[in-house]
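2 protein chains.
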Amino acid sequence: MKVQEPSFTFLRACKRLPVDYTPIWFMRQAGRYMAEYRKIREKYTLLEICAIPELATQVTLQPINSFGFDAAILFADILLPLVPMGINLEFAAGEGPVIHNPVRTATDVDQLRRINSHDDLAHVLKAVQLISSELAGKTPLIGFAGAPFTLASYLIEGGPSKNFLKTKGLMVEQPQVWEKLMNLLADVVADFLLAQIGAGAQAIQLFDSWAGSALSPDDYKQYALPYSQKIFNNICQAGVPTIHFSVGAGTYLPLIKEAGGDVIGLDWRTPIDWGRNILGTEVAVQGNLDPAALFAPKNILKRKIQKILDLADNRPGHIFNLGHGILPTTPVDNVKATVEMVHELSQRKI
Amino acid sequence: MKVQEPSFTFLRACKRLPVDYTPIWFMRQAGRYMAEYRKIREKYTLLEICAIPELATQVTLQPINSFGFDAAILFADILLPLVPMGINLEFAAGEGPVIHNPVRTATDVDQLRRINSHDDLAHVLKAVQLISSELAGKTPLIGFAGAPFTLASYLIEGGPSKNFLKTKGLMVEQPQVWEKLMNLLADVVADFLLAQIGAGAQAIQLFDSWAGSALSPDDYKQYALPYSQKIFNNICQAGVPTIHFSVGAGTYLPLIKEAGGDVIGLDWRTPIDWGRNILGTEVAVQGNLDPAALFAPKNILKRKIQKILDLADNRPGHIFNLGHGILPTTPVDNVKATVEMVHELSQRKI
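From first to last, the protein sequence lines stand for chains X and E. Residue 328 in this note's numbering sits at position 329 of the first sequence; the count goes up by one each step and never skips. Residue 18 in this note's numbering sits at position 19 of the second sequence; the count goes up by one each step and never skips.
Just so you know, nobody snuck in bad clues.
No farther apart than 30 angstroms at their CA atoms in a straight line, the calculated lysine-lysine pairs in the BS3-like style are these:
#1 E/K220 <-> E/K161
#2 X/K229 <-> E/K306
#3 X/K220 <-> E/K297
#4 E/K14 <-> E/K220
#5 X/K256 <-> X/K165
#6 X/K306 <-> E/K229
#7 E/K256 <-> X/K220
#8 X/K38 <-> X/K297
#9 X/K297 <-> E/K161
#10 X/K335 <-> X/K42
#11 X/K220 <-> E/K301
#12 E/K137 <-> E/K38
#13 E/K335 <-> X/K220
#14 E/K306 <-> X/K256
#15 X/K256 <-> E/K256
#16 X/K161 <-> E/K301
#17 E/K229 <-> E/K161
#18 E/K137 <-> E/K14
#19 X/K161 <-> E/K220
Covered stretches of chain E, as calculated for chain X (at least 3 residues, CB under 8 angstroms):
#20 154–164
#21 168–181
#22 248–255
#23 268–274
#24 295–301
By construction, these hints were calculated from the structure, which means they are not laboratory data. Beta carbons: idealized from backbone N, C-alpha and C, even for Gly.
So here's chain X without its partners, still in its complex pose:
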């Protein structure tokens, strides 16, 4: 039996198949920089938007309709699965997420619920279904989740952290508690991603936002890699492309690749050619415009886009993206211009 080749440019690029132009999407492409989103946020909190499938759908589609990205990504938050697990989560204005009952002991870990996505995250899966049917035949939808290390660090620190002292403390001083927590998170995340795929997501991205800033490659290998790897191993049965993204991963790219992913996301500190030299040709790469470049005048923005396309060299397996999430004050005009420029500048000559 011959597996049918995907027709969407984004999905073809994930599989390193030839494409007519380089596909583009942005991490956090639905969000605060768009007036349409801010209007909805006047009435609803972030968690409310995530909880109401119709709103999540509306917000997810905004950047697709406005800018013509080659993929949509579910509007959600990596911390959502933690709520039914028993976490008291709040997005405090200006402070980011706050977890009022952080997880720091064996007892805390034992009290976390092993959720079932179909029951406990039904609202998210409903949003995936709605979005998929809206987009059907037009644009593929990316589902996503946070990687175990990043989720664990939020759980343990109680919010964002600079030095991850509590996380690293638990990790090295209570290795069995750490292992139990990380295995639980890996199981929950794999189940959640499979459920998103079942509901219509045509690709998934695993965000390990903090691992690269926090851990030495040695610690990553011991304390984080096995659990991300477990997720990739579990979801490969679903047959959709998987993207693995971590910030500041330049020096541990070989380990990111080892953990898994058909596509490896690169931040703007890791040039495409440097990344490819380390990763080899068996994976695609995604990235990596500095999100700050979107604030520059168009001629400079264009030069920076061209530079990335030059390094990617029209070889199969490149998806254009930012090197990190789009910033809240980004000028909308430049987002539109970037999508157009990437499409135009990467047009393959016949």
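Dock chain E against the given chain X, drawing on the hints supplied.
Just chain E, lined up with the frame of chain X:
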């Protein structure tokens, strides 16, 4: 004429000469984690300690006397030279440095004073003299300064920054203003470092704390490297070892080397062997214990120290250090233990 070889282990390691054991010092080794320092801070602000040579001397010597580090580093702040240049600097409690008159236009840059270290930073140079005479024959003293990019980012943002939007904006949109500012900072820093060497500093370190987190290697090469390089070129006449440190520099180590430095500081995300593979044998390396490792139980701490020493492989040209500054709440016991363990575990077999 044969140049005499240095006798201090730290200085020998900087020059990649054989040593009996691996020398060790810590970035921010004088500071808040020490009770003796906190006692002085009850009576004086950080800027007052820097301004009173006797206090700066006392604080600089505290970790030398308590832990036996192989090098002292002047107690000062990278922002000190900005004050006589015309900057209104304050260290606000809990917020880090605040610059009340940030530099954002051509006029702002024109108004900055081209200071003369001997006159305008006499108090710092006096501290260097005092410390040098206290340490004479016992421990070498490291002088230091901030690199132009890091200083410019503080000047432009008005304090620490997450996304460096204003800095990157000025950099790409007003390249002539940027060049003027960066050249001025390079001249001031080179003059200041030469003056510190003249006052008795036996090595210097250039801290480019933010370049690695902020810039793509391409932007670093264009907008930061030339000015750091200018400093290294200007101070090489003094003949003392130079150390170049940046955080998150894994993917642009070749450029850090190109900018200059006899020793390249590595953070804990760049393993010693990875760094050496890229840097080659013409420079020494410094680093790179995760500052969070100092919070671990001693057996784990020892394992992590051993791992770094194993990667350094007793080859000439390794100085043990943290991968970033020591954290304020670090347990003092583990600092002492680390110095002892590094000395003991690295003892060269005869």
